[in-house]
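Construct all of the structure, not just a fragment, from the sequences and the given hints.
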Amino acid sequence: MEWEAVIGLEIHSQLKTKSKIFSGASTAYGAEPNTQACVVDLGLPGVLPVLNGEVVRMATKFGVAIGATVAQRSIFARKNYFYPDLPKGYQISQYALPIVTHGHVEIELEEGATKTIGVTRAHLEEDAGKSLHEDFHGMTGIDLNRAGTPLLEIVSEPDMRSAKEAVAYMKKIHSLVQYLEICDGNMQEGSFRCDANVSVRPIGQSELGTRTELKNINSFRFVERAINYEIERQIDVLEGGGQIVQETRLYDADNNETRPLRSKEEAMDYRYFPDPDLLPVELDAAFIEDVRQQLPELPEAKKARFVEQYGLSVYDAGVLTASRDMADYYEAVVVASSGEAKLAANWVMGDLTGALNKEGLDITASPMTAEQLGLMIERIGDNTISGKIAKKVFEAMWAGEGDADLIIESKGLKQVTDTGAIEHVIDDVLANNASQVEQYRAGKEKLFGFFVGQVMKITQGKANPAQVNDILKKKLQS
Amino acid sequence: MSLSREDVEKIAHLARLAIREEDIPKYAQDLSNILDLVEQLKAVDSDGVEPMAHPLESSQRLRSDEVTETDERSRFQSVAPKTEAGLYLVPKVIE
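Respectively, the protein sequence lines represent chains A and B.
Each residue of the first sequence is one higher than the last, beginning at 47 in our numbering.
Each residue of the second sequence is one higher than the last, beginning at 1454 in our numbering.
What the hints contain is simulated information worked out from the structure, not anything from laboratory work.
Take these hints with a grain of salt, some might be off.
[As the list claims (entries may be wrong)] Negatives, chain B to chain A, calculated, CB over 10 Å:
1) Tyr-1480
2) Asp-1483
3) Leu-1494
4) Asp-1498
5) Ser-1531
[To be verified] Derived pair list, reagent style DSSO-like, types lysine-lysine, alpha-carbon separation capped at 30 Å:
6) B:Lys-1545 / A:Lys-134
7) B:Lys-1545 / A:Lys-261
8) A:Lys-125 / B:Lys-1535
9) B:Lys-1463 / A:Lys-134
10) A:Lys-125 / B:Lys-1463
11) B:Lys-1535 / A:Lys-134
12) B:Lys-1479 / A:Lys-134
The C-beta atom is built at its ideal place from N, Cα and C for all residues, glycine as well.
Quick look at the structure:
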């Protein structure tokens, strides 16, 4: 039988506020345990939550960016369950009336096709603390610094049909929240987390199969692997005559498998009800419109502009606008290079990205500034150096030997553009390789590269390649 | 509407309340009475009435995003049953 997978994602995105969603405690990552957990976060008796206005503005930003409805009235509710890292015994979340509903994003599939993925809702809630299960004399340690950190939970429609589509969607949301500057997107620190709902059904069947939920998958790679594993597992169970049990499963990256979470044997019953400590959140149309007006340029628009303004291919524009940091860096390189947009694209996506990846650095941590790279590219553009020599200059700059001009000067890498000098070298090469010249003229045209190579060898790569080609062609034809 | 013994046990478990076996019939009766009252309320035609989220006719006040709290861990932990290395210790939970 042919099977089809149906996937929906729930993404938890920590909002980049200074203080918590309902208290004035800091949200900074990495502090000493429990030093950023105040009376409200601890759920001590007699305290009241007060909503952080910035959280509302950030959720609104996300809503307008995905073409969603931003609710003019939304309600906070209590989601009741007991776990030690949730001190109140309930999580303040949104249930019946979330702040954002009915949005959508476009994802890109292979071969340039696109697909629209629906976003059912995005609601505000508080994060829980962390449980540390290392051995504290047979006890569990609780750090409540994260308790009360604002989260935007973004729930997609079950619109994805493969692990690849799920990853493309997750990357899209990841890029978007960073463009909007509402989340730092740091997956190692847990700022951006994902649960996946996965089911399979025979192709052509309209009703959905029983789904399982995969919890807390914290990298793009693991999302793809976990979903693929789970699809295979479900198909195996069904083809073996079994049934899928609706349950929560954990992905084990070490063994590349998913396994059930024992505690969910009994169905969860969260008994949601409106939180009496919080009043309805009311937003007027003018506020929402104001947020819309202040939206930054979004990835789609930026990509289209890069194609238009810089003459880049759609693919290159997509790579360069995948993150806002990358796009900003690229544009700064273009400016510094006096407008060498295509060369800049090649260098940023090629040598620079390669060097960064090799050292595991993010573009924001690049030791080479956009201005330094731009100035080097300007030297290619004005024919001071060739592209090939530029690789040497780049390496020296990366090694911290100084700016491009200094390196070109001190290493004598300046390109030879003097036609007379180049002709002289070419004459020598042709004279010393008479038999190859004969073969070339007899039709063995691929020897052209050999002559170019000889000229470059003698000039140590410094001869202007275009001039070498021109002159060589003329001489060989004569 | 009348709640069964199992319903009462489930509700007590969800609320993590320890109840005595012999009290269950009384709880079942009391809770059923509450549900009966709700049944009476349901007889009212409430079509077109927006569900109430809060008895106060007001909307949520927002605070500005500023850190106003300082570290008071040692005070809070002085009343905790058990702490170590800045952590609150609780009976082992493994999920």
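* Any Cβ of chain A at or closer than 10 Å to Leu-1494 (chain B), or is the non-interface label fine? -> holds, 16 Å
* Does the structure keep Lys-125 (chain A) and Lys-1463 (chain B) at a Cα separation of 30 Å or less? -> Roughly 17 Å between the alpha carbons, so the hint for Lys-125 (chain A) and Lys-1463 (chain B) holds.
* With a cut-off of 30 Å on the C-alpha distance, tell me whether Lys-125 (chain A) and Lys-1535 (chain B) pass. => The given pair, whose Cα atoms are some 27 Å apart, holds under the 30 Å limit.
* Asked: Holds or violated: Lys-1479 (chain B) with Lys-134 (chain A), Cα cutoff 30 Å?
  -> Distance ~29 Å between Lys-1479 (chain B) and Lys-134 (chain A) Cα, so the pair holds.
* Least C-beta distance from Tyr-1480 (chain B) to chain A larger than 10 Å -> holds, 17 Å
* **Interface-negative label, Ser-1531 (chain B) against chain A, beta-carbon threshold 10 Å** => holds, 12 Å
* Given hint Lys-261 (chain A) paired with Lys-1545 (chain B) - CA-CA distance at most 30 Å -> Since the Cα atoms of Lys-1545 (chain B) and Lys-261 (chain A) sit roughly 21 Å apart, the hinted pair holds (cutoff 30 Å).
* **Asp-1498 (chain B) non-interfacial with respect to chain A [C-beta, more than 10 Å]** => holds, 21 Å
* Asked: Between Lys-1535 (chain B) and Lys-134 (chain A), is the straight-line Cα distance small enough, at 30 Å or below?
  -> Judged against 30 Å, a Cα distance of about 18 Å means the pair holds.
* Could you let me know if the closest chain A CB is still more than 10 Å away from the CB of Asp-1483 (chain B)? => holds, 18 Å
* Asked: Does Lys-1463 (chain B) pair with Lys-134 (chain A) here, judged by a C-alpha cut-off of 30 Å?
  -> holds, 20 Å
* Quickly compare the C-alpha distance for Lys-1545 (chain B) and Lys-134 (chain A) to 30 Å and report which way the hint goes. => Holds - the C-alpha atoms of Lys-134 (chain A) and Lys-1545 (chain B) are around 19 Å apart, at most 30 Å.
Every hint, counting from the list given before, is met by this structure.
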